[in-house]
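Peer 1: Top line first, the protein sequences correspond to chains X and G. Here the first sequence is numbered in the working numbering, starting from 1 and rising by one per residue. Here the second sequence is numbered in the working numbering, starting from 1 and rising by one per residue.
Read the hints as simulated data drawn from the structure, not as lab findings. It is possible that some hints are incorrect.
As the list claims (entries may be wrong) - Derived pair list, reagent style DSSO-like, types lysine-lysine, alpha-carbon separation capped at 30 angstroms: (1) X:2 - G:161; (2) G:137 - X:2; (3) G:63 - X:37; (4) X:37 - G:51; (5) G:161 - X:37; (6) G:137 - G:161; (7) G:137 - X:34; (8) X:20 - G:137; (9) X:2 - X:34; (10) G:63 - X:34; (11) X:20 - G:183; (12) X:20 - G:63.
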Amino acid sequence: MKTLEQTTEEILGLAAQHFKVPREQLAAGDDFYKTLKIDSLQALELLTRLENHFGVELPDFEVAGVTDFRTLAGRIQARL
Amino acid sequence: MSSHHGKTMSWQVKDGVMELALHHAPLNEIGTAMLEELESFAQQLEGAQGKASALIIYSQLPKGFSAGADLRELYAGALLRTAVERVAGVRVFLERIHRVLNAIDASPLTTIAAVHGVTFGGGFELALACDLIVADKMARFCFPELRLGLIPGFGGIPRLKRDLGNGVVRDLLLTGRSINASKALACGLVSQVAGEGEALNVARSTAMQVIKFDRMASAAAKRFLKPMPREELRREIELFCELFMRPAVMEGLRRFVESTDAHPYLP
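Next comes chain G alone, as it looks inside the complex:
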């Protein structure tokens, strides 16, 4: 068994299953700290072949899987920079997070996201990089980015479009509404809905099933079924950067950061 316990996440390999536990309070906001550890994790994932056949990603925090990108860090960093520097900084961050999520997406391991509660924005995009999503019945999925004058930037649109088609993406993105686990199951976004507090157990039992299969056949099936939408992923970064240059985005971020509500997630 190999393991790592970091500041924002921990991982271990045991009995052929790698588990990545996110624990960056308050809600696994993906900023520089999480990105750095995700990059280390992606390296470990490459080396995990032979030791593990499945990967489970889950959150140890009670409120949910992840609230997405760390908007407070993004805003604070952007305030100190010119518009050109801001976009350059965001582009570097996006390139790095895309490399991590692409590594998870294309991993020969069978990957399972076990989600509960808030699964928003970049957190939703992390789950979408996995092969299967097991959702607690209290899970909620949302792309709130248009509220900030942006689009999702961690590969969410190309991956959701690949997996479910354009109609579901348009509904989620253009309305900014959140959907529950039942709706997510009905539209094929999640593969199983678990009782409250049971998503990880269901994911573990699913992992025990998938590791029974021949690794080469499973990996070949995955490559065949899940082509990487590389061109669209590139275009997403470009579009995000174009939108990010606008003053309206800084204003949207300022409103979010200065909100007196503890979690200003509702529109």
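Just chain X, with the same shape it has in the complex:
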């Protein structure tokens, strides 16, 4: 079972890769809408990328209102 820190780290890596930003520019507590400068459609892309990577289903109503990587990791962790 992955720890929350491991899951968060993987999310940060995937987000950096997907949106082509240097990994070191992202931190667990960041508001990903602001840091990545993404809209809700791109957030949906990230959600799909994360679901594919972790092999989980994450209904969008569960991540509505979630804006930081650490909380997002917690939502995923709950379904692993």
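The hints should help you fit chain G onto chain X, whose structure is shown.
Peer 2: Frame of chain X; chain G shown alone:
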């Protein structure tokens, strides 16, 4: 080979396969412009028998297959009309889009939707009119209509119910959640999942397979397997129009249109 290049879509017939490419930025929103070209396409589809045995529908836009109905156009048009006129206008639009999707649904050609990214609302319903759906692994399907106080109006509920049963429809419709390609494959909504950027190639390879079969037998099999849910399609239009009369719908549309988010798709 015959071809057409329009403002919102293009089509061509080559080597027995007709391809319809959607390219109405930003995300193939289905409003008057797309509807008019879809109607021309439906006429061409009728005449394509003998020249083509399969049809592929796909999007040339990077963000997805289609975001569904053009809600901005719908809202702008509705603002200028009384409630009665609004419903009359919507009913005419629905009747027209139903004729197009029914023509695709019942076409004797074997039809394949190759989808990627956003496949929402009316765009999802366009894909559901096809016999097979090939999905890019980054595709996402959703019926967001309840967020606006509506139900899907382009035939989505009857077609999804016909193909998958009531449980899947209830899950998608009543929660408004979006599902990814893996989930869609698991529940039988899509027939194949392709790697990123590969849905069209997989659809083309599938088309090359299906055109090998005797046309009359394929068309007969399709008629047998895929009866048109005509009564439910009629009832869907009636229910949509009843719901559309309510002020809550105009308020939902206003919130969507005035949202400062570039794409306010999340609930």
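Peer 1: Which of the numbered hints are not met once you compare them with the structure shown?
Peer 2: 1, 4 and 5
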